[in-house]
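Undergrad: Residue numbers (my numbering): -5 to 287.
Hints are not guaranteed to be accurate.
[Unchecked claim] When the alpha-carbon atoms are kept at most 25 Å apart in a straight line, the in silico SDA-like pairs for lysine to any residue are as follows:
| # | residue 1 | residue 2 |
| --- | --- | --- |
| 1 | K51 | A3 |
| 2 | K51 | L9 |
| 3 | K230 | A170 |
| 4 | K230 | A249 |
| 5 | K51 | V22 |
[Stated by the list, open to error] Label-pair ranges, simulated between beta-carbon atoms:
| # | residue 1 | residue 2 | range |
| --- | --- | --- | --- |
| 6 | Q135 | A171 | 23 to 31 Å |
| 7 | R38 | G143 | 45 to 53 Å |
| 8 | V223 | Q77 | 19 to 27 Å |
Honestly, the hints are just simulated from the structure, not real lab data. Glycine included, every Cβ here is placed at the ideal spot set by N, Cα and C.
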Amino acid sequence: MSENQNLLAEQRRALILDEVRRRGGVRVNELTRRLGVSDMTVRRDLDALARQGVLEKVHGGAVPVAEASTHEPGFEAKSGLEQTAKEDIARAAAELVAPGAAIALSGGTTTYALAHRLLDVPDLTVVTNSVRVADVFHAAQRGSGARQGAATVVLTGGVRTPSDSLVGPVADQAIAALHFDVLFLGVHGISVEAGLSTPNLAEAETNRRLVRSARRVVVVADHTKWGVVGLSSFAKLEQVDTLVTDAGLPAGARAEISEHLRLVVAGEPGESYEDAEGAESSEVAEDEGQERG
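Turn these sequences into a full structure, and let the hints guide you.
TA: This is how it looks when you write it as structure tokens:
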């Protein structure tokens, strides 16, 4: 695998994490041979991944984190992970939003990054169950005063989760009465077998309501979410139209995902847009405009 010598650090670490999850553990000397890099480089990569909490270092190598399917990190804990990837995803996802659209943003740190990218898109109606997302739009309006074309924000209400999402019967009832063009959905985990999943049972039900109310579903998730399974599944991959992810997603996962839905890989030269039929992602925004026109 000498071609891996020139990989960026994030890409190399994604390959290491994929290998750890797939095999249940790896040794440092195996990684140095496979990646064609030094022992010190591999150890630095393992240190960085361990700090992110996505693997555990052991003597001579690393193993997956033994994380319960019910564990739900708080917003602050998640916000420091994969920041570059989340910004790349947010930028690519924002390209899928047309002026005047009615969109929904679920809770999560990636949708929070996306909200910042949507502040200059005129005449949006934004439905969200995220306190953090709502705050982004409200803070922008307070800072600039009332301005033409500012987003109209609908906050659902409900019971607050550790990730600052509002869930439960109040949120579910509010969402069920609404219909929006596109849902941008953050997830705890995504896999072929389990689909989209979360460790929070109430959040799973609220996410189901969001999916039912959307004409188009776009999942925004960085590469570390691939292969993760939470306690409760709330949607199959076939219910998703597009996954926007980052360049750290391994080639095997890309091929597997593209069999089920449109895949947008952000943060690569010549940013790639793939699905089983080879459709172009620019059609998403164009279709939205035509259908509303």
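Undergrad: For the pair supplied as a hint, K230 and A170, confirm whether the alpha-carbon distance does not exceed 25 Å.
TA: Cα-Cα ~19 Å, so holds.
Undergrad: A range of 23 to 31 Å was offered for this pair. Does it hold for the Cβ distance of Q135 and A171?
TA: This hint holds: roughly 24 Å between Cβ atoms.
Undergrad: Compare the distance between the alpha carbons of K51 and L9 with 25 Å, and conclude whether the hinted pair is satisfied.
TA: OK: K51 and L9 at ~16 Å, within 25 Å.
Undergrad: Within 25 Å, alpha carbon to alpha carbon, are K51 and A3?
TA: 18 Å, holds
Undergrad: Could you grab the alpha-carbon distance between K230 and A249 and see if it respects the 25 Å cut-off?
TA: 17 Å, holds
Undergrad: Does the structure keep K51 and V22 at a Cα separation of 25 Å or less?
TA: 10 Å, holds
Undergrad: Note whether the CB distance of V223 and Q77 lies within 19 to 27 Å or breaks it.
TA: 24 Å, holds
Undergrad: Regarding R38 and G143, is the given constraint of 45 to 53 Å on their beta-carbon distance met?
TA: 47 Å, holds
Hint compliance for this structure: no hint is broken.
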